[in-house]
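**Student:** Respectively, the protein sequence lines represent chains A and B. Using this note's numbering, the first residue of the first sequence is number 1, and each one after it goes up by one. Using this note's numbering, the first residue of the second sequence is number 1, and each one after it goes up by one.
Since the hints were derived computationally from the structure, they do not count as laboratory data. Bear in mind that the values here come from a model prediction, so they are computed numbers and not experimental data. Be careful, since some hints might not be right.
Each computed BS3-like pair below joins lysine-lysine, with the alpha-carbon atoms no more than 27 Å apart [unchecked claim]: (1) K103/A / K157/B; (2) K92/A / K55/B; (3) K92/A / K188/B; (4) K304/B / K267/B; (5) K132/A / K300/B; (6) K134/A / K157/B; (7) K50/B / K188/B.
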Amino acid sequence: MLCQICEEQEATVHYTEILNNKAVELHLCEDCARKKEIIDQSGNFSMADLVKGLAGFVGTEDVEENLKCDNCGLLFSDFRKTGRFGCSRCYKAFQAELEPLIKRIHGSTKHVGNVMPAKHAKEAQTLSKIEKLKIEMEKVVQQEAFEKAAEIRDKIKKLEKGIKK
Amino acid sequence: MPVDKLVGQIASWLQKEGPLSDIVVSSRVRLARNYDLIPFPHRANKEQLKEVISKTEKAIKNSKYLKNTLIIDMSDLTNIDIQFLVEKHLISQEFGKPKSERILVVSDKEIISIMVNEEDHLRLQCIQPGLQLLDSWRLINQATLELESQVEFAFSKTCGYLTSCPTNVGTGMRASVLIHLPALVITKQIGKVLQAVAKLGIAIRGLYGEGTEAYGNFFQISNQVTLGYSEEDIINNIESIVKQVVGYEENARTLIMKEDKKAIEDKIWRAYGVLSNVRIINFQETLNLLSFLRLGIGLKMMDKIDRILVNKMFIITQPAYLQKLEGRKLEPSERDIARANLIRGNLERRGK
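In isolation and in its complexed conformation, chain B is listed as follows (with noise of 0.2 Å):
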């Protein structure tokens, strides 16, 4: 099976640090195209959607930058494969939904990923550590100019690049950014930061969770606005308003470093203490005491790890990611028991 040659390997994203990747965790950016006169995928039927695909593929085929690509045809997988995509942060949750005719295309290091017949017939993405929009927009902007070069996309003179939903139109681009902000969480100034960002037309929502709680304290800052401005005019306007919210989480690891430091030093300890020693853990609990050693290491108060290791053990402890390293199906009960094996075999290989 093609999607199992993806578990065994480590995003490139995950495997370097970028700049500000003591705060911001990745940059992605994504682009919508379709075809001109085939319905959108909602809308078409059978022959249209392989359609898409044929001519997709094609086009892939000559592509510099997708060489050695990996080809998934979405129909072949199971929940947990479905699951274990959309923790990879490869695909949406609206892909996996069970419809025929979808095919991901990803590249060399999961560097590029390409949804075909999802909401539009392509979604083509790039991520990349740390805050590095720009370089996200230029790689993923290349390879789809030069899919463009063989095919056509629908474009209109006024209204850009065109698009299922009209909330994509025009650029048809969305940058977003991951963003850790453990110690705004913990002074209690979050709520503040996210209303003054939401009146700036950006929309910021924690990553995990329900309810009221950002598990992990992870958030995900991106436009709303895809018409009406250049793609550089909208990402240095994300990347300004990043800039901004890391020199605040700057300010509140200060400010508890000044008036908790013991404190805090405590509960990175207690952190390392409960990761390297715990025999039964749920993600929940795995994401909020993964939080502190992050923030331990941008402390410099935890020298025992590095970041990129921290980095990926927030993905791979996701349940599908657990089951599909196991290689078969856990119960919850199991999860968390291998979950807990996992977490103290990277600890103690890495432990100094």
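Only chain A is shown next, with the shape it has when bound in the complex (with noise of 0.2 Å):
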């Protein structure tokens, strides 16, 4: 296969964009993927520089430029240019603004992994548990099991409530 950019060389460095749902691929040349700074001088996939890219143009025409980040100082417009935040609270700070971007890159928003055991263990544990059971009742659904769905629902209302309190 042939690198899709210059149509040239022989393609070695594949990848794969999820953009809405929809696997976008890209099969490049070395050189090329450089050239786009897919991959690093060493040839080491450079995502910060990928991500530098999305963070460019991603549902961010109507933003504050000057919105900043409390803690540690960094412009939302420095993120655009470097695509690497300042610290942990940047998400917060940014929120709002993040979301599309990082549904583009991960296809998804909602963290379903590792908890943190510390005080926050306990909601960030029921939140994780909710997200796996929604997935799991969207599926029953498409399989039309609406008895097993209505009882998941529930299970799923009991814990919100439980974070409620």
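Both chains are given apart, each in its own frame, so use the hints to dock them into the complex.
**Tutor:** Structure (structure tokens):
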């Protein structure tokens, strides 16, 4: 297979991007991948640079340029330039603007993995459980097992109540 | 110098074989973790970076999983030392760049290592031989949880573990498998396989070499997505893809044995002949010949040496490793001679 950009060299870098639940494939040769900053000089995938590319245009047209993180002082416009956050609190500061970007990178905006064991653990665990149940509910609805779906829905409601208390 | 303690030592993952070791070399799981509020390393000042180090060192002192660890101050190292650590798979190229306030923590037998102040405050990794991602994950997860019982890592209910780059957020986990696919390369099916795997949202690329060739036929398969799936789901997904690729490689090997047995046997024994008599050899040629030996062992055509020795030779014949073994800086031409001596020595000692 030839590189999709130069159409001269053999494609050796194969990269898939998930865009609105659709996989978009890129097959590039090493030189073009480097030019596009998909891989860095030593030939490793350079995700940060990819993000920089994405952050530059994904749904950020109306964003207040002066949006700033209270903790570290990073401006949202800085993040758009570098693709890197300044500190853990930037996620909160830029929350609304980040959602489409994170969705574009991961195809999801909800963490369902390991949760922090300390004080927030219980609540976060419940949220993650709810997320898993929702996915399961969708599955059974597709299989038209509505009784089972109702059961799961009730479970979700119960868990959600538990958090609100 | 603490780094010199690693020169004579062969990492635990290179001393043993694991599931599917025939084709899968190693399984590595890396977790990214950060402290709340302290700026990420690229935005932190010297004091803040020092705080990250002291917090981490204190937590490690009380850790059971990280007993007898070696702590290396990266600013004490020469360029050869740094490259040596990269070749040992203990650090990233990025971590070797000259920046102050970076330390490397290496556990007993090099099973676990932690880069402090790389792109994230902590990058913790575990390597095991063969296809053992789940096992690697359990180990690194336990070690990380143990640290987490003493320190708090930045975590959000919706985004999970928070990282410097949004491509790592959530689990903060990158699981990667190093896989040897010589028969797929020989039978020219590798392009198809690479494309198929890329379609699944998984990254795959050659380990060594530039341009269109993956020297030594080594490829690395790893996850791209870190959010929206649990750690086990991500790992199970990669393991099942790896098993499929292993199946393709096995089929290609069967095909070669059926159609071209003598030709491949000839190549394998020629590789052995060259390596056991060579006087000057560069790393690229070494990789390609060792790849044939490794295939020969898998096809049960090569009984002079075992796979563990071949795996070890892939690592110790790299340029910086070689110079660390020799204990001095070598010019490229001197390296090629030293490499030839090292290979012959190893083959003679083990030769039956």
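**Student:** Could you work out which of the previously given hints the structure breaks and list their numbers from low to high?
**Tutor:** The structure conflicts with hints 3, 5, 7, although it agrees with all the remaining ones.
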